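Chains A and B, in that order, are what the protein sequence lines are.
Each residue of the first sequence is one higher than the last, beginning at 1 in our numbering.
Each residue of the second sequence is one higher than the last, beginning at 148 in our numbering.
Please keep in mind that the hints were generated in silico from the structure rather than gathered at the bench.
Nothing here was measured: the structure is a model prediction, and the numbers come from that model.
All residues carry an ideal CB built from backbone N, CA and C; glycine is no exception.
Keep in mind that the hints are not guaranteed to be accurate.
As the list claims (entries may be wrong) - What the simulated footprint calls covered on chain A by chain B, stretch by stretch (three residues with Cβ under 8 Å from a Cβ of chain B suffice, anywhere in the stretch; the number is not a length):
hint, region
1, 34–41
2, 50–57
3, 77–83
4, 97–105
As the list claims (entries may be wrong) - Simulated DEER-style distance windows between Cβ atoms:
hint, chain 1, residue 1, chain 2, residue 2, range
5, A, K54, B, D501, 56 to 64 Å
6, B, R190, A, E37, 32 to 40 Å
7, B, I441, A, K54, 32 to 40 Å
8, B, G393, A, T43, 52 to 60 Å
What the hints assert, rightly or not - Okay, derived cross-link-like pairs now, DSSO-like style, lysine-lysine, Cα gap no bigger than 30 Å in a straight line:
hint, chain 1, residue 1, chain 2, residue 2
9, B, K206, A, K125
10, B, K242, B, K313
11, A, K125, B, K484
12, A, K68, A, K54
13, B, K474, B, K322
14, B, K474, A, K72
15, A, K72, A, K41
16, A, K63, B, K285
17, B, K474, A, K89
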Amino acid sequence: MKKGLSLLIIVYLLGFWSLSSGQEHQKPQHFYNVDTEKKIKGTIQEIIMEPRYKDSSPFLIIKLEEKKTHQKFIVEISPVRFFTHDFHKGEELEVVGSLYSKDGNQNIIARQIRFKGEIVILRDKRGFPAWRGGGMKHKKRRKGKGF
Amino acid sequence: MRKLSIYILSILFLSVSLKADSFSFSFFQNMTDNIFQNRYSGRDQLSQMGFYVDKDFSKISIFTEGSYSYLFENPSLSYYIQDLGLDYLHPVSEKAAFYFSLLGQGAFYRSDYNDFNSLSFNFLAAFKTYLSQTSILKSNYSLDYKSFGYSLFDFVSHGLSVSFDKYFQTRTTLKSEINWGLKFFLHPYSSQEVVMVEESGGHQSGRRSYLFMPKTQFEGQSIQVFSFAGLIAQGIGGNAGFNISGMKQWYISGENPFTSVEEFYMVENPSYDRFAWEGYQVGSQVTLLIPWNIELKIGYTMGYKEFPGIESMNLDEELLGVTREDKRRSFETRLEKNFARFSFFLSYAYVDNDSNDPFFDWHGNFLSAGIEWNMLFGGRK
Numbered sequence: 001m002k003k004g005l006s007l008l009i010i011v012y013l014l015g016f017w018s019l020s021s022g023q024e025h026q027k028p029q030h031f032y033n034v035d036t037e038k039k040i041k042g043t044i045q046e047i048i049m050e051p052r053y054k055d056s057s058p059f060l061i062i063k064l065e066e067k068k069t070h071q072k073f074i075v076e077i078s079p080v081r082f083f084t085h086d087f088h089k090g091e092e093l094e095v096v097g098s099l100y101s102k103d104g105n106q107n108i109i110a111r112q113i114r115f116k117g118e119i120v121i122l123r124d125k126r127g128f129p130a131w132r133g134g135g136m137k138h139k140k141r142r143k144g145k146g147f
Numbered sequence: 148m149r150k151l152s153i154y155i156l157s158i159l160f161l162s163v164s165l166k167a168d169s170f171s172f173s174f175f176q177n178m179t180d181n182i183f184q185n186r187y188s189g190r191d192q193l194s195q196m197g198f199y200v201d202k203d204f205s206k207i208s209i210f211t212e213g214s215y216s217y218l219f220e221n222p223s224l225s226y227y228i229q230d231l232g233l234d235y236l237h238p239v240s241e242k243a244a245f246y247f248s249l250l251g252q253g254a255f256y257r258s259d260y261n262d263f264n265s266l267s268f269n270f271l272a273a274f275k276t277y278l279s280q281t282s283i284l285k286s287n288y289s290l291d292y293k294s295f296g297y298s299l300f301d302f303v304s305h306g307l308s309v310s311f312d313k314y315f316q317t318r319t320t321l322k323s324e325i326n327w328g329l330k331f332f333l334h335p336y337s338s339q340e341v342v343m344v345e346e347s348g349g350h351q352s353g354r355r356s357y358l359f360m361p362k363t364q365f366e367g368q369s370i371q372v373f374s375f376a377g378l379i380a381q382g383i384g385g386n387a388g389f390n391i392s393g394m395k396q397w398y399i400s401g402e403n404p405f406t407s408v409e410e411f412y413m414v415e416n417p418s419y420d421r422f423a424w425e426g427y428q429v430g431s432q433v434t435l436l437i438p439w440n441i442e443l444k445i446g447y448t449m450g451y452k453e454f455p456g457i458e459s460m461n462l463d464e465e466l467l468g469v470t471r472e473d474k475r476r477s478f479e480t481r482l483e484k485n486f487a488r489f490s491f492f493l494s495y496a497y498v499d500n501d502s503n504d505p506f507f508d509w510h511g512n513f514l515s516a517g518i519e520w521n522m523l524f525g526g527r528k
């Protein structure tokens, strides 16, 4: 039984490996630039799904209006958050992310958001994505009792 | 220990070799004074060690997760769970998308609990759409197939849910949800069949000895349930919020096919799941972001559950002629701190369960702490 289990684990990890070998990473159209990082607190104006990178799932995009300046920002969140979090127009959102301009719009690649008293880490400090596959299933894994 | 080190090193090596997008390693330590959740209050500690790897292939994400749980006082209940799955997000417009996932899971217990060994398959299809910028409609369908070491537990189940929410400018969110579920047991029993029942240690082990014995008169093969749930959530500033929720579940048809049902702490018991009961649950929860961006959650829940088909017994295991009913109150609190590479949590729960079956008249304290270490390889865009 134990030998069978060990074999099973090794076989499918190898399968995983063989599937992934040979995958070339596409160069994204824009990068996370740590030098342009900014924190913005604003009110959600619009929520949409939009393709951002070639061969990648569409991203959850939030149009945010900064509270102090009323300046508008287009915030790139991540693909899977469309299903794991329910954002609504009028809700407050605080974003830490990398700022860049495109077509006259101020865009932010979000690294961290604060929403409804929860901090969500989307990327590490260098901008590497921290979200995972299995978004809806993975959340169910129990960490202690309750919540 | 040597085998464990080899496993960890192999997993790390393969994760780097396969150019995974993310890899995480977790360790959770759980303590309780009532592992079997009954009046005999068995203490135990459960150490849980796990890994998670995922990789994107275009729009499909493949993920795998394994965890080993060791129980110090009841090592025969230690188990290993391995998941392998894939998911896919398919937008149909700027405001709507489908999500599909396939998941296979194997759960492997030590010889004393071979009955709990299982292989399962899950398919989930979800749809979410914004009806307006302040209201969301969601619908889920899930299909589960599970085959156990003891075939009495084998089942196929279907679940369908629809939810609707609306956010108001007062920072109030109202949400309602309806759920339907059907569980079909694959091995119904008749009075002519002889069923082998493995005797456990009875009260000496803190468990009933006849627990897995099916009722010989059981004829129905399925259980059908329907539930309605509602939630009111209120945001207070950017750092706090609270919610009040309620849920009621009814049996539409069928009843539990077992002589008794039980739940364990952190160990899935195949005799108990969401199809085992009808009744209600109400709760409230406060969420606060305290200094150093630590999330604090405090909650209180109370509920009433009736277990159709399950007759209460006295401590001499004689039937009392009434359906088992439990009234439960629980208090829970949790602290969590997330960094990009690490996340920590600490949680405590106290549960008081009053039952008309004295064996299940219990209370317990549950304490958990954990750390998760995430390695991101930067392949994902």
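Right, here's what the structure says about each hint:
Beta-carbon proximity to chain B at under 8 Å applies to 1 residues in the region 34–41 of chain A; the threshold of 3 is not reached and the given coverage is violated. Beta-carbon proximity to chain B at under 8 Å applies to 6 residues in the region 50–57 of chain A; the threshold of 3 is reached and the given coverage holds. Counting residues of the region 77–83 of chain A whose CB lies closer than 8 Å to any CB of chain B gives 4, which reaches the minimum of 3, so the coverage claim holds. With 0 residues bearing a CB less than 8 Å from a CB of chain B, the region 97–105 of chain A misses the requirement of three and the coverage assertion fails.
Taking 56 to 64 Å as the suggested C-beta distance range, the pair K54 of chain A and D501 of chain B conforms, at roughly 59 Å. Hint check: R190 of chain B to E37 of chain A, Cβ distance near 49 Å, so the stated range 32 to 40 Å is violated. Between I441 of chain B and K54 of chain A the CB atoms are about 39 Å apart, so this pair conforms to the stated range of 32 to 40 Å. Checked against the given bound of 52 to 60 Å, the beta carbons of G393 of chain B and T43 of chain A, roughly 30 Å apart, lie outside it.
Among the hinted pairs, K206 of chain B with K125 of chain A is consistent with the structure: their alpha-carbon atoms are about 25 Å apart, no more than 30 Å. At roughly 15 Å between alpha-carbon atoms, K242 of chain B and K313 of chain B fall within 30 Å of each other, so this suggested pair holds. A distance of roughly 16 Å separates the Cα atoms of K125 of chain A and K484 of chain B; the hinted pair therefore holds under the 30 Å criterion. The suggested pairing of K68 of chain A with K54 of chain A is violated, with an alpha-carbon distance near 35 Å, which exceeds 30 Å.
For the suggested pair K474 of chain B and K322 of chain B, the alpha carbons sit about 25 Å apart, so the restraint of at most 30 Å is met. Under the criterion of a C-alpha separation no larger than 30 Å, the hint pairing K474 of chain B with K72 of chain A is inconsistent with the structure, at around 51 Å. The suggested pairing of K72 of chain A with K41 of chain A holds, with an alpha-carbon distance near 11 Å, which does not exceed 30 Å. As the CA atoms of K63 of chain A and K285 of chain B are separated by approximately 22 Å, the hinted pair is consistent with the 30 Å bound.
Only pairs whose Cα atoms come within 30 Å are accepted, and K474 of chain B paired with K89 of chain A is rejected, the gap being roughly 40 Å.
The structure fails to meet hints 1, 4, 6, 8, 12, 14, 17 from the earlier list, while all remaining hints are met.
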